[in-house]
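Trainee: Next come the chains, spelled out residue by residue.
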Amino acid sequence: MKPMKIVAAAAALAISTIAAQADTLRVGLDGGYPPFSSQNANGEMEGFDVDIAKAICVELKKDCEIVVQAWDGLIPGLIEGKYDVIVNSMSITEERLKSVDFTEKYYSNYISVVAKKDKGVTIDGLKSMTVGSQRATISADWAEKELGARADIKLYDTQTAAYADLLAGRVDALVADYLPITDWIKTNTDYGFVGGPININDEIGVAVAKNNEALRDSVSAAIKALRMNGVYQTINAKYFDVDIY
Amino acid sequence: MSYQDIKYAISDGICENITGLLPELLANSCSKLTDGLIVTTELMFITVLLGGALAILAAMGRISPRKWISYPVAVYSYVFRGTPLLVQLWFVYFGLGSLGEAGLGPLWPYMREGWWVGVIVLILNTGAYVSEILRGGLMNVPKGQIEAALAVGMTRMQIFRRVRFPLAVRTTLPAYGNEVILLLKSSALVSTITVMDLMGQTRTVFARSYNLEIYFHSAMLYLVLAGIITVLFHLVERRLKRSSVIS
Amino acid sequence: MFDILKLGSEGWGDELLFGAWITVQLAIASLGLGLILGLLLAGGKLSSFPPLRWICHAYTLIIRGVPEFLIIMIVFFGSERMINSILKSMGFEGGYEISPFLAATVGLAMIFGAYSSEVFRGAFEAVPKGQMEAAKSVGMSNWQAFSRIRFKQMWRFAIPGLGNLWMVLIKDTSLAAVIALEELLRVAKLGGESEQNPLAFFAAAGILYLIMTALSDIVRAKIEKRARRGFVSL
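Chains as they are written, first to last, in my numbering: chain X, 1 to 245; chain Y, 246 to 492; chain R, 493 to 726.
Fair warning: there could be bad hints in the mix.
With a cut-off of at most 20 Å between alpha-carbon atoms, the simulated EDC-like pairs for lysine to aspartate or glutamate come out as follows [claimed, not checked]: (1) X/145 / Y/250; (2) R/663 / Y/377; (3) X/117 / Y/346; (4) X/62 / X/217; (5) X/224 / X/243; (6) X/98 / Y/458; (7) X/62 / X/46; (8) X/54 / X/104; (9) X/105 / X/243; (10) X/119 / Y/346; (11) X/127 / X/152; (12) X/98 / X/202; (13) X/186 / X/241; (14) X/186 / R/685; (15) Y/252 / X/152; (16) X/116 / Y/346; (17) R/644 / R/610; (18) X/238 / X/183; (19) R/663 / R/709; (20) X/98 / X/141; (21) X/119 / Y/358; (22) X/186 / X/118; (23) X/145 / Y/257; (24) Y/252 / Y/287; (25) X/98 / X/217; (26) X/105 / X/217; (27) X/186 / R/687; (28) X/98 / Y/269; (29) X/62 / X/23; (30) Y/252 / X/144; (31) R/537 / R/617; (32) X/224 / X/202; (33) X/116 / Y/358; (34) X/127 / Y/358; (35) R/663 / Y/424; (36) X/210 / X/94; (37) X/224 / X/104; (38) X/127 / Y/250.
In case anyone wonders, no lab produced these hints; they're calculated from the structure. No experiment lies behind these values; they were computed from the predicted model shown.
Taking the hints into account, I'd like the entire structure generated from these sequences.
Mentor: So this is what it looks like as C-alpha cells:
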C-alpha cells in the first residue's frame, strides 16, 4: 500500500470511530453513586440511573452504550461529545445550564445532613463545626451558601472518601444527597440524619449538549412516557419505598 | 481578630483593589485564589524552615561515625526518597488517619487535620532530599580546612558550626534552591487531602465553572512563586559570595 | 491483615501487582516519548536560530515552575478539548476520547522532556570540539559527524542525569491516580476503601514503589558503569 493510501485508510478508520452511530445512545455516568449507579461484581453497571437510562434507550428505540467517566469530568466529557447524554443524578443548576442543556426532571432530589447520633449536631450548630461534602456537588454549594464561603468545609473527590473521614471523626457532619445517605446509614447505624431532608427545589435531569434541542426534547418525551406506562414506577420500586419523582 | 481573619482580610484587600483589572473568571474567583495562595505561601514558609532544620540534623546523623545513628537516618532518607510523595500523604492521611482517635491518642488533634498531615509529611519528605544534598556538601569540604581548624584547637562541634557547615552550605546552595522549587510544586498535592491551598481552590473553581482557563491562571501564580524563590536564592548566593574569603 | 493482600480472587495481591505493571508501562511509555521530546528541545536550545532557542528555553522554564499535578490536570482536561476543536475546525465530528493512560503519558513526557533537554544540552556541549573537527577532517559531512560522533558520544555524559530523572519519573507516575488511571496507587486506594483497611494497602503500595525504585537504582548503576567503559578521564 502506498503511504497516502495508508493515511487515507487510517483517517477513515479514525473518523468511523469518532462519528456517533445514529442508532446508539451513549450514556455517560460515573458509576460511584449507589444505589443510583455502581459496578457489580461482574463489572456491569447497575442502579436507578442505569435502569432509567436503559429504559430511555428502549423508548427511543436505540442501543444503549454506557461510558464511565469520573464525576468532575462528566460535563467536560459531554461538551467534548464523548457521549450524548449524562444520566447520573445530576441536579439542574444555573451554573451547569451555562455549559449544557437539561431535559425535564426524572426525579426530585433532597439534600441532608448526616452525623454521629451521640454528637448532638444541629443544623444551626453547623457553622462552628467541620463539615464535609463532595467537591462540585449541589450539597457542597448548599453548605457554602448556608455556612459561608469560608466556613470549615472539607471537599472530597469522591463520596466514599467523605464517608471515610466522617467515620474517622475528621468531620463532624456530611452534607450529601438524601437518598444515598438513607442507604448508607442502614449499614452505619451509629449515624443518623440531622433534621429531615432539606428541600432546595432540586430537580434531577438528563444533561444534553447545548444546541441539541431535538435530542433534549425526545429524551424529555421518553421520561414522560416512562411515567405514563408504569416502567418508571417499576424501576422506582426496585430501589426505593417512596415515589422519588 | 483571629489569625484566620487576618489572612482573609489580606486576601479581600488584595482582591478589592485588583478585581477591576481582571477578566471575569478571575475576578469572580479572586478571593478563592488569593486564599489559596496565602495557604500555599504559609505551607512553604513552615516546611522550608522546619524541613531545612530536619535536613541539617539528618545530614549530621548520616555522617556520624556511630552506626546506631547513621543507619536509621539512612533508612529514613531512603524510604522517603524511594516512594512517591502522594503515597506518603495518603498513607498518613487516609491510612494512619483511619485508626482514628482511639488508635492515635495524643497525635489525633494533628492527624485529624489535612493541614497538619500535609505540613508533617512535606517536612519529612523535603528533609530527606535536602539532607542528601547537604551530606554531599559536608563530605566535599576539603580536608585541609578541617585540619587547619583542628590545628587552631577547635572542638568537633565548633568545626562543624564554623567551618564545615558554612562551607557546605555555600557549595550546595544552588541545588538547595532547586529543591525548594520542587517543594513548592509538590505542595500542590496536599489538595488531595482536603487542604485548600492554591491547587485545592483552583480545582474547586474548575469543578464549578468547567473553565480550563483557571488552571492556566493558577499555573501563572505558581510560576510567579517559583520566580520569587529563584530571585531570593540568587540574592543569598551573591551575598555569600561577597562575604566569602575563598572564591 | 495480610489475607486481604493475598494473590487470587480472595485477596488484592494480584490487583496490586497488575497496578504496578500499569505503573511500569506508564513510566516506560513516558520515558520513550520524553526522551524524543528532550532531544528535540535540546536541539532547539543549541540551534543558531534565536527565536527557536528562546521558545525551547521558555518551555523548560515554564514546566519547571508549574506543579506536575497541575500539568497532568491540564493535559487530561485540556488535550481532548484541543484535539476536538482542531478536528471540528477541519470539518470532522468531535468526540475523540483521550484515555487516562495517554493523558498521563503525554503529561509525564512533557515534564520529562523539559528536564531531560537540559541534560542533553549539557551532554552535547560536553563532547570535546576536537572530536567534531577530527570527524570532519576525515571527510565526514556535518550530518555524518553529528550522527556518528557527537550524538553517540553525548550519551555517556547524559546517562547519569537521565538516571536521576527516571527515578523522579517513576514516582511521578503516581499522579495518574488522580485522573482515575488504575495504576498502583489508585488500586491501593480502591482496595483500601473497599476493605476498609487503607493502612495495609498504602503500606503495600509504598513497598512496591520502593522495590521499583531500588531495582531501577541497580540497573542505573550498571548502565552508568557501562557508559564509563573505556573512558579516559577528561
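Trainee: A separate judgement is required for each hint: does it hold in the structure or not?
Mentor: Structure-based check of all given hints:
1. X/145 / Y/250: holds, 19 Å
2. R/663 / Y/377: holds, 18 Å
3. X/117 / Y/346: Holds - the C-alpha atoms of residue 346 of chain Y and residue 117 of chain X are around 17 Å apart, at most 20 Å.
4. X/62 / X/217: holds, 15 Å
5. X/224 / X/243: holds, 15 Å
6. X/98 / Y/458: holds, 16 Å
7. X/62 / X/46: Since the Cα atoms of residue 62 of chain X and residue 46 of chain X sit roughly 19 Å apart, the hinted pair holds (cutoff 20 Å).
8. X/54 / X/104: Satisfied, since the Cα-Cα distance of roughly 17 Å is no more than 20 Å.
9. X/105 / X/243: holds, 14 Å
10. X/119 / Y/346: Holds, at about 15 Å.
11. X/127 / X/152: Holds - the C-alpha atoms of residue 152 of chain X and residue 127 of chain X are around 8 Å apart, at most 20 Å.
12. X/98 / X/202: The given pair, whose Cα atoms are some 17 Å apart, holds under the 20 Å limit.
13. X/186 / X/241: Holds - the C-alpha atoms of residue 241 of chain X and residue 186 of chain X are around 14 Å apart, at most 20 Å.
14. X/186 / R/685: holds, 18 Å
15. Y/252 / X/152: Since the Cα atoms of residue 252 of chain Y and residue 152 of chain X sit roughly 15 Å apart, the hinted pair holds (cutoff 20 Å).
16. X/116 / Y/346: holds, 15 Å
17. R/644 / R/610: holds, 17 Å
18. X/238 / X/183: Roughly 13 Å between the alpha carbons, so the hint for residue 238 of chain X and residue 183 of chain X holds.
19. R/663 / R/709: holds, 13 Å
20. X/98 / X/141: Measuring from Cα to Cα gives roughly 16 Å; hence the hint holds.
21. X/119 / Y/358: Given pair residue 119 of chain X, residue 358 of chain Y holds - Cα atoms ~19 Å apart, limit 20 Å.
22. X/186 / X/118: holds, 17 Å
23. X/145 / Y/257: holds, 18 Å
24. Y/252 / Y/287: It holds: about 10 Å lies between the C-alpha atoms, which stays within 20 Å.
25. X/98 / X/217: Roughly 18 Å separates the two Cα atoms, so the pair holds.
26. X/105 / X/217: Holds: residue 105 of chain X and residue 217 of chain X sit about 12 Å apart, inside 20 Å.
27. X/186 / R/687: holds, 18 Å
28. X/98 / Y/269: holds, 15 Å
29. X/62 / X/23: holds, 5 Å
30. Y/252 / X/144: Roughly 19 Å between the alpha carbons, so the hint for residue 252 of chain Y and residue 144 of chain X holds.
31. R/537 / R/617: holds, 11 Å
32. X/224 / X/202: The given pair, whose Cα atoms are some 18 Å apart, holds under the 20 Å limit.
33. X/116 / Y/358: holds, 19 Å
34. X/127 / Y/358: holds, 18 Å
35. R/663 / Y/424: holds, 16 Å
36. X/210 / X/94: Holds. Residue 210 of chain X to residue 94 of chain X sits at ~14 Å (cutoff 20 Å).
37. X/224 / X/104: Satisfied, since the Cα-Cα distance of roughly 9 Å is no more than 20 Å.
38. X/127 / Y/250: At roughly 15 Å apart (the allowed maximum being 20 Å), residue 250 of chain Y and residue 127 of chain X satisfy the hint.
Comparing the model with each earlier hint shows no violations; every hint is respected.
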